[in-house]
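K.L.:
The listed protein sequences correspond, in order, to chains A and B. Throughout the first sequence, residue numbering follows my numbering, covering 1 to 254 in sequence. Throughout the second sequence, residue numbering follows my numbering, covering 1 to 240 in sequence.
The set of hints was computed from the structure by calculation and includes no laboratory data. This structure is a prediction, so every number in the text was calculated from the model and none was measured. Note that beta-carbon positions come from the ideal geometry of N, C-alpha and C, so glycine has one too. Be a bit skeptical, because a hint or two may be false.
Said to hold, decoys possible - In silico negatives: residues of chain B with every beta carbon more than 12 Å from chain A:
(1) Gly14
(2) Lys52
(3) Pro84
(4) Ser97
(5) Gln214
Stated by the list, open to error - Covered stretches of chain A (in silico footprint by chain B; criterion: 3 or more residues with CB under 8 Å from a CB of chain B, positions within the stretch not fixed):
(6) 12-23
(7) 67-77
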Amino acid sequence: MSVSEDSKNLIIPGDILACERDNQTVDIIGQGIYLSFENHLYNNNKLYPTHVGIENYTTKNNKVIATLDYNSKRYIPQQGDYVIATVTNNYSTHFLCTLNNFSSTVTLPYANFPQATKKNRPKYENGDLVYCRVKTVDTDLPAELECMDSETGNKDGFGLLEQEKSKHTAVLDCSLAYARELLFNDKGFPLLSDMVKKNLSFEVAIGVNGKIWISTASLLETLCVYKILSKCEKSNRDSILQIIEETVTEYVKE
Amino acid sequence: MSYSKYSILENHDGSCELSTQNSKVIVGISGPLEPKQRHRLPLQSAIEVIIKPSSGLGPTTREVLMQDKLATVLQAVIVTELYPRKLIQVNAQILESPFDEFGSMNGNTFNEITSSMIDLNSCFNSSFISLCDASIALKSSFVSSLLAITEENSSKLINLANVSDLDTLRSYNFKSLHLVVLEIEENKPTNILLLDSKGDFNDDDLVKVLDAAQQNTSAEFKNIRSLFKEKLSQDFIWKK
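Just chain A, with the same shape it has in the complex (with noise of 0.2 Å):
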């Protein structure tokens, strides 16, 4: 009947998905898998999987979703993420943002900032980060940031990353999965706990656009969190104790 949940198959553009073989019902379709509008039409809604990736099947509200794991480099916005954008040019209502080299802009209007009025409006420079949320896409027009929870208008930590007297600060570019999984899965992967148990102090923003803000007190300590973090995308989980005990001693030596 349902799909079996977990099934860890890989697959690649042309394969078959297990839902068509099995010719289960998928409600939503998520990263990685796609249903062309021909396939829409006229092939009995077939589904395509178009990258390499781990398909994965959830139960959530009676719907099954389907969707690929895969790593990748560049970000496509999608609403609701949280993103570190850089801002590149202003214009009379809005800021010109990047979220990666040479990718399209996107806009971040000031009306988007919480206590938004003509008169007010945020004094960002160029090159300037920004963290902040995926408000809208739209396939016709450049996707539109937020600064602040629309819902509530309150800011919830969004706003420029600014660096502060006597504090150091660098971003790391990373592969999108392993942002993901920093900021969303500290249960299971809990490498920022682990670095706070071992006395590092440290602030980090993590946006799904690859993009992680680091900033602590000392240019030792901002080398050695980008250090640890960038080591642990490319290793073991188990390893992640010992890259941090090696790392800690190597830059902040008691």
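Keeping the supplied structure of chain A fixed, place chain B upon it in accordance with the hints.
P.N.:
Frame of chain A, contents of chain B only:
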């Protein structure tokens, strides 16, 4: 059999270095990018292919012909409607070609054709792995094979990607050359995406070539599948 390394260019979204017995190609893919105005298509993504030769300056007519062939196949395979008004850029650099040596054409007109077909064959296979590495949406997989029929030995069929020795390669007297790009769906070669033939051949020859291409494709695809298995475990190495 070919040997490939993926994700070797850090600053590209996807890359692959592919070496066969006699050629070596590196492909880097960036996309979806913000295109220039002239590349902007309203409902689908533009695909730009640039192939650089192993020696000498930038795409000459020889490479431009290869670019066009590569672009037609990529256009059929990439789900272009997913990235409207974007650009997908495919950069291929040929590193080693069996006819690199000065004067290696030896006056044989077929050598000139062979050399560009060998390069193109590697470009096809390498760009497929790069596209998957760059996570560009694809409709299906494809594998390219380059087969030749010789005049002596009552038309023997040779897979040129497996000929390692340059002298042997030169000694062949080719009757015809065939570059076959096959689409793969559900693990089986299903469709011909490109069939580029040079020389004299008849129906029987072509049927033989297609049979051999299917076999070669299945074998290569098994290779690619195990490569992707390894890639995926590397991508999610922090998960276990």
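K.L.:
Evaluate each hint against the coordinates.
P.N.:
Hints, one by one, checked against the model:
Not every beta carbon of chain A lies more than 12 Å from that of B/Gly14, the smallest distance being close to 8 Å; the non-interface claim is violated. Against chain A, the non-interface label of B/Lys52 holds: every CB pair exceeds 12 Å, the least being about 20 Å. Non-interface status of B/Pro84 relative to chain A is broken: a Cβ of that chain comes within 12 Å, the nearest being about 6 Å off. Listed as outside the interface, B/Ser97 is consistent with that label: its C-beta sits roughly 29 Å from the nearest C-beta of chain A, beyond the 12 Å cut-off.
Distance check for B/Gln214 against chain A: the nearest CB is about 15 Å away, which clears 12 Å, and the non-interface claim stands. Counting residues of the region 12-23 of chain A whose beta-carbon sits less than 8 Å from any beta-carbon of chain B gives 5, enough to reach three: the coverage restraint holds. Counting residues of the region 67-77 of chain A whose CB lies closer than 8 Å to any CB of chain B gives 7, so the stated coverage by that chain holds, three being the minimum.
When the structure is compared with the earlier hints, violations turn up for hints 1 and 3 and for no others.
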